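Chain by chain, the residues run as shown.
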Amino acid sequence: MFYLKLAWRNILRNKRRTIIASIAIGVGLASLILTDGLMIGMKNNLVESATSTLLGQAQIHNKDFRITRDIEKTIVAKDDITRKLESDPLVTAYSERIVSLGMITSPSTAESVIVYGIDPETEKELSKIDDRIIEGTYFGENKGREIIIGSKLAEVLEVTLGDRIVITVAQAFGGDLSQEMFRVSGIYYFDVKEMDNGFAFIRKDKAGTMLNIGNNIHEIAIKFSDIRIAEKKDLSFWGEYSTGNNEAVSWITIMPELKNILDMTDISLYMMGGILFFVVIFGIINSLFMSLYERMFEFGILKAVGTRPSGLRKLIIFEAGWLAIVSIVIGVIIGFVLHLLLIRNGIDYGGIEFAGTFMHDKIYPVMNISQYMKYPVFVFIFTIVVGLYPAWVAGKMKVTDALRKSM
Amino acid sequence: MEQKTIISTENLVKTYKDNGMEAKAVRGISLEITSGEFTAVVGPSGSGKTTFLNLISGLDTPTSGTVQINNRLISEMKGRELSDFRRDNIGFVFQSYNLIPVLTVEENIEYIMLLQNVPKRERHDRVIKILDKVGLNGMESRRPTQLSGGQQQRVAIARAMVSNPTLILADEPTANLDSKMGSELLEMMKVLNETTGMTFIFSTHDQMIMERARRLITLKDGIVKTDEIR
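Order-wise, the sequence lines are chains A and B. Going by the working numbering, 290 is the number at position 290 of the first sequence; the sequence numbering is gapless. Going by the working numbering, 227 is the number at position 227 of the second sequence; the sequence numbering is gapless.
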């Protein structure tokens, strides 16, 4: 208890140095907290961008469809599944889709595309096609004959709004070709080459008829109440919906490359954290050693009058502990204020591509309690560990060296 | 009062190595100091008096020879044992910056008793008593910076004496004081020496101390040149 008191008073002895050291350590801590928050925000933004474009956070297919894209492999017991999804508390939206390879032909050229048959109303909740329409409308009154295509595809086909184009697909159960004429009712722009060039969206009913699969579907895209739900591997959802020959998979399975990139960002966070800790550690060592060498004579007196080496070591460790506590308070305050400001205003990375995904929205750092527990505890433990070295030096110091000016 | 030998040195030698060169600071000092002495160790700079005091207080270890305090061979002690021995047997008064500036007068004085695990109440009582003896009543809650140089040295003496050690080692205790303050301090130590029977050993250049010391040991080139008992 006495050494705690003495250590605290020693810390306050040179207030300016303590404040400068604490601010330096505190800024390091605040940087760690903010970096963590920003990384989570950026990851969420990437996942959100990737999944809300078209993918969805999870998908249900016939097990064979995802690999073979065989249009005959439709979802088994679709109605049971959709009924279950309706009442699933984890699910906020879902959309049924028909997916097929097809040929799109304009008067000037033909291109192969992936034709999506969608329900315009439910799809609004899942993907951002409706938000990205730059010309025309997102499915209007002309029921059955509308088609939405990307701006690049329109350019290649040399078509504009209202122009007629023909979709050709191979039908299920026989492979007969089926052709339908559509009018371009909307053109979207995502600034993602694959999206803008390789997809065409028509109504689901029309697609079902063209493919000869009736009311059957190939894909159900799902949006959860929280974006992080899809990352949980042990979620019972996957098992519950992987029945019959169906499989429910998260975006991690569908886009493993994005998951790998996100894991890499975790590693870079650890590396950045390591560098920041390194800086913080040198700040602490410097402060403690300055304080130690400044008080050599005093330590000499303490040792001369009978303080055991362990007593001096304890004193230095307690001083390190107090320095850590003051720094943590400063760091948490700085971190919290900046965190709130960034959460309110966001950081605009609009249009930057990362891991093949365009970040269209601002990045908002995420704040959670663990950031304000984990990093301060790290800083405290590291400070104590770093304090062991000057403490060892103080304990080992020869009294006569320390008192050289005197006896 | 019966006088017994409390310090006994035998052929004490201390050699320092500096840049490969050996320098003998103490070249074989053998002497005895008895309880209740008021002794001054004097000599020119480099005569070995500081080294000698460091050796007899256990702050340094001899190259050869022995030091016994109260029949205990402190030249063989190390680490914790030596720290505890110094704590319980030797009081130190240094030239200046004696006190821990962040502690109050009371906390400075009670520090050694804290190391000895003396109960709080007893610590306080002993601090009050010793402050009375050194003429600093009512100053227990002051910080060292609020005291004059002379008062600070009195506190240092109080701290050195409060745990009733066998001997007090004082290194130039009056060096940073004016002659009036120095004289008062010296007079006070003399009185304490006479009333408590505690042994005082000074390392000094101060003529006043030399005049008042009852034994004057003069060192030159690491050996005892004269040893005069008055």
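Quick caveat, the hints were computed from the structure, so don't treat them as lab data. Warning: the hint list may mix true and false statements.
Just some of the chain B residues that point at chain A, by a computed CB distance under 10 Å [to be verified]:
id, residue
1, P44
2, S47
3, T50
4, R86
5, E107
6, Y111
7, L114
8, M210
As the structure is a computational prediction, the values presented were derived from the model and not from experiment. Just so you know, even glycine gets a beta-carbon here, dropped at the ideal spot from N, CA and C.
Hint-by-hint comparison with the structure:
no., hint, verdict
1, P44, "17 Å, violated"
2, S47, "14 Å, violated"
3, T50, "5 Å, holds"
4, R86, "5 Å, holds"
5, E107, "8 Å, holds"
6, Y111, "7 Å, holds"
7, L114, "6 Å, holds"
8, M210, "18 Å, violated"
In the structure shown, a violation is registered for the earlier hints numbered 1, 2, 8, in ascending order.
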